[in-house]
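Chains F and Z are the protein sequences, given in the same order.
Quick note on our numbering: the first sequence kicks off at 1 and runs consecutively.
Quick note on our numbering: the second sequence kicks off at 355 and runs consecutively.
For the record, the hints were derived by calculation from the structure and aren't laboratory data.
Please note: incorrect hints may appear among the correct ones.
Quick look at which bits of chain Z chain F covers, simulated, 3 or more residues with Cβ under 8 Å [stated by the list, open to error]: (1) 569-581; (2) 598-605; (3) 659-670.
Here are the simulated distance ranges between beta carbons [said to hold, decoys possible]: (4) F/39 - Z/455: 54 to 60 Å; (5) Z/541 - F/101: 41 to 47 Å; (6) Z/474 - F/351: 48 to 54 Å.
Note that the structure is a prediction, hence the values are computed from the model and not measured.
Ideal Cβ positions, reconstructed from N, Cα and C, are used throughout, including at glycine.
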Amino acid sequence: MSAPTTERTADGAPGRGEPILSVRGLEKHFPIKGGGLIKRTVGAVRAVDGVDLDLYPGEVLGLVGESGCGKSTTGRAILNLQPATAGSVTFQGRELVGLDRKAMRPLRRDIQLVFQDPYASLNPRLPVFDIVAEPLVIHGLTKDDKELRSRVRELVETVGLNPEHTNRYPAEFSGGQRQRIGIARALALQPKVLVLDEPVSALDVSIQAGVINLLEDLKNELGLSYLFIAHDLSVVRHISDRVAVMYLGRIIEVADQEELFSRPAHPYTQALLSAIPLPDPRRERARQRIIITGDVPSPANPPSGCRFRTRCQKFANVLSDGEREICMTVDPKLETRGTGHLNACHYAEATSVL
Amino acid sequence: MSTPGSTGATAVSSTGTLGRARDEQGRNTSLAGFDASAPLLQVTDLNVRFPTEDGLVHAVRGVDYTLRSGEVLGIVGESGSGKSVTSLAVMGLLPGSARVTGSVKYRGQELLGQSDRSLSRVRGKGVSMIFQDPMTSLDPVYKVGAQIQETLRVHDKSLSSKAAEARAADLLELVGIPNAAERVHSYPHEFSGGMRQRVVIAIAMANQPEVIIADEPTTALDVTVQAQILEVLQTALSETGAAMVMITHDLGVVAGIADRVLVMYAGRPVEIGSVEDIYYEPRMPYTLGLLGSLPRIDSTTRERLTPIVGTPPSLLNMPPGCPFAPRCPLHIAECDEAEPERFQVGPGHTAACIRTEQVAGAHGHAAEVFSKTADDATPVDETMPADLAVAEGGRDAAAPVTPPGDQVEPAAGTPGGTGSLISSPTSPTNGDRA
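Can you build the whole structure from these sequences, using the hints too?
Quick look at the structure:
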């Protein structure tokens, strides 16, 4: 595609309007306790280590990365389910970091979470009616039983389930149907923002497609904004307006969907896209793959300078010793570097890999 | 865990270190019926039934395939379709309670019904296996070198421990483990997931098997590591000259590695063909639907996905007729009469559907066939085909021909009534960890 249109900013965001959710310098560190009788903190797993994000009204922001990169922790820290170590999260101008449970409760109406595992996120001992009704009851949003019934019925219908079946238990539903129940529960309070943490990765493809379509319809009908956390880039490309790529607790590239997938600039994004097998034998066999070596370093002890340099093909094979110096010493900031969108690589270069 | 700086060299020397190990005195002649000219692996009418409290679960219902020398056969299907049970049956690894019938012949030797002892002569040497989860398929209390040496020495008693250790190091080097000579002394917990899967592959290729069965070998791994492991698998195949059965739910992985593809649904192969036939000219509506429900990373237009409505049927009480009929947009009354055989639809291409001509017209574009029922998100009402409404009520009721009054409120009030095996089709552990 051509250069980004003028009304879009460097992070691919629509240039107008205020973000509904804004994250600045978010950090979440988990202490590592030493052995011995007195447990002393000997270090920290820097699961999320300085994340900046903006979510605009009505958009889907995909947050992708491999396991352990901190994407789920980011989602939980944004919702204050795990208090952030540092940084700021503002929702419609209101600071969320540091709020206690009680202060957080009214805000939970506006930001809801859909969990990954539809088997673990629904109480097996509650019938579906109670599961979907619970948020309404807790927040006291319905005046009588009749209204509660009709509201639950409506919610269950919205997600494509039969309202006759709300007297059943989660165990009687398939994975796709359970995930729909989880979505109905999240929608009960009419939130503005949904944080979806790997909402379809536990589902088979034929079922997954139905849930993705449902999420798209809901977004359009109800005007929701999604922070869509996933490791499956095909799903993320399909549903997202903008995509942020995470590596080792940091965001290393952000752009609008089209731009990121057609002109990735960070070597990690390029490798990630190139590693995904295409369900098309001729194209798949004709591809040149960038294979990165090794595994993700420990977030307790990230490499100096650029965090990706230990696995970077450019660092290992292209750069000269002199050029490598900056990778080892200077932590690259998220900047445009002439690529048209934000990335964190000293030697960023937009290329097509698909 | 590996250190931050550890790098798995993916460039593997193909010096043929394994070539010298090819045994001269012919392999696996120890079982009756060995015939070097017979097909490598021939599975005929394989059926597996598991007795459960709710009745007999017919997990595999008549699988037939022939694996030719040097080819890669991809077996695809959703969780619960019987792909893994099929391969475990071939290896004789199912629990004793499983009832297995049919025939599995490796080079003319019948493997079904053999004692564990005689099967051990084939396992690892004739046919070896790579399991899904490298975290559990290695023994945590033995060094990885010892685990490779065990595989080597069990098939070659004359091999000295020194020679075995040297070969173990060679094998580790071949699968791209750095400092292989030292790493043979490491325990599995000292390796990352991708490295462990490399060790598992080294064990599988140690005895130059003729067949490697890989059961979701990359499902538990991240995509960048998956790409590394797929390269190692290609190396393993070229080093050993083995044929491979690759079981996966990932249609992208199969597209890259397989020569032929077998699509499974409800315990049966519903379509077999070359990889190009399956991806570009599928003839079974299920295959078409599966391809249409995949979001594509290489698609620039955002087409709406075409999901397959409903869920796979219960394998407990299969209705007569095509098992896919309740979810099929091309469903007609005839489909419910009898389960279709696989018909020849092209050279080396068979599909179990009586309406293959209609599927042929779509040329792989699922939206053309599935568009009418694709809107999975609409509320259930009378205009929906029976499938979605039925699927809501637990899979026991998936048959549209269930006699009325038999079970008016299916599965209600019987949580977990479908049995542990039936709940596995959507088990999160078997999920789409692509």
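Are there three or more residues in the region 569-581 of chain Z whose C-beta lies within less than 8 Å of some C-beta in chain F? holds (count 6)
Proximity test - 8 Å, beta-carbon atoms, the region 659-670 of chain Z to chain F, at least three hits: Coverage by chain F holds here, the residue count being 6 at a Cβ distance below 8 Å.
Does 48 to 54 Å hold as the CB distance between residue 474 of chain Z and residue 351 of chain F, or does it fail? 51 Å, holds
Quick check: does the Cβ-Cβ distance between residue 541 of chain Z and residue 101 of chain F fall within 41 to 47 Å? 43 Å Cβ-Cβ, so the 41 to 47 Å window holds.
Can you tell me whether the CB distance of residue 39 of chain F to residue 455 of chain Z sits inside 54 to 60 Å? 58 Å, holds
Residues of the region 598-605 of chain Z with Cβ under 8 Å from chain F, three needed, outcome: holds (count 3)
Comparing the model with each earlier hint shows no violations; every hint is respected.
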